[in-house]
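Please build the complex by placing chain B on the supplied structure of chain A, with the hints as guidance.
This is what each chain is made of:
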Amino acid sequence: MASRRSLRSLTTFAVLVLLAITLLTLSVGTSSGITSGLRSIGSTVLSPVVGVVDAVTRPIGNFFSGALNYGSVTAENQQLRAEVSRLQQQQLTTAYNRKQLTQIAQLKNLGFVGATPTVTAQTIDISVSNFASSIQINKGTSSGITIGMPVVGNGGLVGQVVIVNRGTATIRLITDGQSKVGAVVGTSNVLGVVNGVAEGRPLSMNFVAPGSAVPVGTVVFTNGLQGSLFPAGLPIGKVAASSSPPNATQMDVDVKPLANLNNLGYVDVLLWEPPA
Amino acid sequence: MNRVSYLRLALVVLVGVVAQISIFSHLNIDGMHPEIIWLFPIAAGLVGGSQVGAITGFGAGIALDCLQPTPFGLTALVATILGFVIGLATERNGLNVEGAAWWVTPALSAGATLIAVGTYGILGFVFGEDQFSAINYLVLLPVVAVGAAVFAIPAWLAVSWSLGERSGRRRMTSEVTGW
Numbered sequence: 003m004a005s006r007r008s009l010r011s012l013t014t015f016a017v018l019v020l021l022a023i024t025l026l027t028l029s030v031g032t033s034s035g036i037t038s039g040l041r042s043i044g045s046t047v048l049s050p051v052v053g054v055v056d057a058v059t060r061p062i063g064n065f066f067s068g069a070l071n072y073g074s075v076t077a078e079n080q081q082l083r084a085e086v087s088r089l090q091q092q093q094l095t096t097a098y099n100r101k102q103l104t105q106i107a108q109l110k111n112l113g114f115v116g117a118t119p120t121v122t123a124q125t126i127d128i129s130v131s132n133f134a135s136s137i138q139i140n141k142g143t144s145s146g147i148t149i150g151m152p153v154v155g156n157g158g159l160v161g162q163v164v165i166v167n168r169g170t171a172t173i174r175l176i177t178d179g180q181s182k183v184g185a186v187v188g189t190s191n192v193l194g195v196v197n198g199v200a201e202g203r204p205l206s207m208n209f210v211a212p213g214s215a216v217p218v219g220t221v222v223f224t225n226g227l228q229g230s231l232f233p234a235g236l237p238i239g240k241v242a243a244s245s246s247p248p249n250a251t252q253m254d255v256d257v258k259p260l261a262n263l264n265n266l267g268y269v270d271v272l273l274w275e276p277p278a
Numbered sequence: 086m087n088r089v090s091y092l093r094l095a096l097v098v099l100v101g102v103v104a105q106i107s108i109f110s111h112l113n114i115d116g117m118h119p120e121i122i123w124l125f126p127i128a129a130g131l132v133g134g135s136q137v138g139a140i141t142g143f144g145a146g147i148a149l150d151c152l153q154p155t156p157f158g159l160t161a162l163v164a165t166i167l168g169f170v171i172g173l174a175t176e177r178n179g180l181n182v183e184g185a186a187w188w189v190t191p192a193l194s195a196g197a198t199l200i201a202v203g204t205y206g207i208l209g210f211v212f213g214e215d216q217f218s219a220i221n222y223l224v225l226l227p228v229v230a231v232g233a234a235v236f237a238i239p240a241w242l243a244v245s246w247s248l249g250e251r252s253g254r255r256r257m258t259s260e261v262t263g264w
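Protein chains in written order, with the numbering used here: chain A, 3 to 278; chain B, 86 to 264.
So here's chain A without its partners, still in its complex pose (with noise of 0.2 Å):
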């Protein structure tokens, strides 16, 4: 009767081990459409009661932050008040220049970022894991957004969208280990690959070759070649630090990113999906 018992307690492990590996095994490296369409029914079943809690609970801890840092809260709203008029003023200016890029991109048939639609969302999560650099926002399907498009805001990229359902998405920040983005340098023609390190430590561009011309403080944008997960032009972050070492096949290049990831208030999703 015992040794029955064992047997089956036995077959049970070993079906649900063998299922997690499977599960595993099509998630890993690739965006299987099986794992996908789980994760999105699983979320789409469990994220409205996280939500409730998160309603319940979200204000009491609000309260208690904002009551234990009332003066930094207080200089904050004063500083954005400051940066919403500078904006608005750049903003004018900018409109005036979209359009010139927009008809330039037009002439010469390319993407740009500038004619994009974008879904504007609030963050209501950061990182529900030790082991993944990720927020959540308020906006899902029902507003269009799909796995794969990308996120900007506070001045920079941000990541992409990993896990949708009706209300709510995942955003994998671009510092995640598992972040990768085909990368340019500035205006110049030196490409590589953005790829994040961990949460608070700098990415890192691979794939450059050495000796390339990649000064401190320059811009790197997306590249957009041909296949690549986001759209050409999209501010990623300043070079840090660049060297070149004796010997190696590529470019030791350290990349700041340009928006404050650890301050997402609220954040650009493009409506755009990578080619199939």
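If you are wondering where the hints come from, they were derived from the structure by calculation, not from laboratory data. Certain hints may be false.
Just the calculated beta-carbon pair ranges, DEER-fashion [as the list claims (entries may be wrong)]:
| hint | chain 1 | residue 1 | chain 2 | residue 2 | range |
| --- | --- | --- | --- | --- | --- |
| 1 | B | 91 | A | 85 | 53 to 59 Å |
| 2 | B | 224 | A | 65 | 24 to 30 Å |
| 3 | A | 81 | B | 89 | 55 to 61 Å |
| 4 | A | 252 | B | 224 | 29 to 35 Å |
| 5 | A | 83 | B | 235 | 39 to 45 Å |
| 6 | A | 76 | B | 111 | 38 to 44 Å |
| 7 | B | 100 | A | 247 | 48 to 54 Å |
| 8 | B | 215 | A | 248 | 23 to 29 Å |
| 9 | A | 252 | B | 111 | 49 to 55 Å |
Taking lysine to aspartate or glutamate and the DMTMM-like style, the derived pairs with C-alpha atoms no more than 25 Å apart in a straight line are [stated by the list, open to error]:
| hint | chain 1 | residue 1 | chain 2 | residue 2 |
| --- | --- | --- | --- | --- |
| 10 | A | 258 | A | 78 |
| 11 | A | 182 | A | 78 |
| 12 | A | 182 | A | 85 |
| 13 | A | 240 | A | 270 |
| 14 | A | 240 | B | 176 |
| 15 | A | 258 | A | 85 |
| 16 | A | 182 | A | 275 |
| 17 | A | 258 | A | 270 |
| 18 | A | 182 | B | 215 |
| 19 | A | 258 | B | 115 |
| 20 | A | 258 | B | 215 |
| 21 | A | 182 | A | 270 |
Sample of chain B residues with no beta-carbon within 10 Å of chain A, all distances over it, derived [as the list claims (entries may be wrong)]:
| hint | residue |
| --- | --- |
| 22 | 87 |
| 23 | 93 |
| 24 | 95 |
| 25 | 223 |
| 26 | 235 |
| 27 | 239 |
Cβ atoms here follow ideal geometry from the backbone N, Cα and C, with glycine treated the same way.
Below, chain B alone, put in the same frame as chain A:
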């Protein structure tokens, strides 16, 4: 175990997953937060044995995997192994927290959680998640161990209730109060 027990256990696990995402994920300690999700397969293994431990681990893990941008199935895999091993130890080697000192369950849970988080990091690295090697484990491991020790007894009581092990509640009460 009957159907009602499984339903109650599912409810307890669901509450645990929601608490992990909504509350514990916001307890930021030097960039890390406690992971109470491992406590459910541990408690289920201790109370219900290897099969219940494995099923609880898989359910809790897959639910959490749906809400995290980590490899889908990794939490489920580690939690299934964790629940099964704890359950097997309970069944075969006489690992039994019944009648043990009050600190045994928290200590056991903290140790098992440390092993689970370490295994999670190693397996993630094996499956190609290179960034798992860049995690600050010197901060993460103490945070998850202390978190597990603190919340081990509530999790154990909840799982005991769901599986109909009411004696657990009485015994724990007498251990804590000394009556």
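So, going through the hints one by one against the coordinates:
1. B/91 x A/85: 53 to 59 Å: holds, 54 Å
2. B/224 x A/65: 24 to 30 Å: For residue 224 of chain B and residue 65 of chain A the Cβ distance comes to about 28 Å; the hint holds.
3. A/81 x B/89: 55 to 61 Å: About 57 Å separates the Cβ atoms of residue 81 of chain A and residue 89 of chain B, which means 55 to 61 Å holds.
4. A/252 x B/224: 29 to 35 Å: This hint holds: roughly 31 Å between Cβ atoms.
5. A/83 x B/235: 39 to 45 Å: holds, 42 Å
6. A/76 x B/111: 38 to 44 Å: violated, 23 Å
7. B/100 x A/247: 48 to 54 Å: holds, 53 Å
8. B/215 x A/248: 23 to 29 Å: Holds, at about 26 Å.
9. A/252 x B/111: 49 to 55 Å: violated, 39 Å
10. A/258 x A/78: holds, 23 Å
11. A/182 x A/78: Distance of about 33 Å is beyond 25 Å: violated.
12. A/182 x A/85: Judged against 25 Å, a Cα distance of about 31 Å means the pair is violated.
13. A/240 x A/270: holds, 20 Å
14. A/240 x B/176: Measuring from Cα to Cα gives roughly 58 Å; hence the hint is violated.
15. A/258 x A/85: This hinted pair holds, its Cα atoms lying about 21 Å apart.
16. A/182 x A/275: Given that 25 Å is the threshold and the Cα spacing comes to 16 Å, the pair holds.
17. A/258 x A/270: Holds: residue 258 of chain A and residue 270 of chain A sit about 20 Å apart, inside 25 Å.
18. A/182 x B/215: holds, 12 Å
19. A/258 x B/115: Distance of about 21 Å is within 25 Å: holds.
20. A/258 x B/215: Since the Cα atoms of residue 258 of chain A and residue 215 of chain B sit roughly 20 Å apart, the hinted pair holds (cutoff 25 Å).
21. A/182 x A/270: Between residue 182 of chain A and residue 270 of chain A the Cα gap is close to 19 Å, so the pair holds against 25 Å.
22. 87: For residue 87 of chain B, whose nearest Cβ neighbour in chain A is about 16 Å away, the distance exceeds 10 Å, so it holds.
23. 93: holds, 17 Å
24. 95: With a cut-off of 10 Å, residue 95 of chain B remains clear of chain A, as the shortest Cβ separation is near 12 Å.
25. 223: holds, 13 Å
26. 235: The claim stands: residue 235 of chain B keeps its Cβ more than 10 Å from every Cβ of chain A (closest is about 17 Å).
27. 239: holds, 17 Å
Consistency with the previously given hints fails for numbers 6, 9, 11, 12, 14, ordered from lowest to highest.
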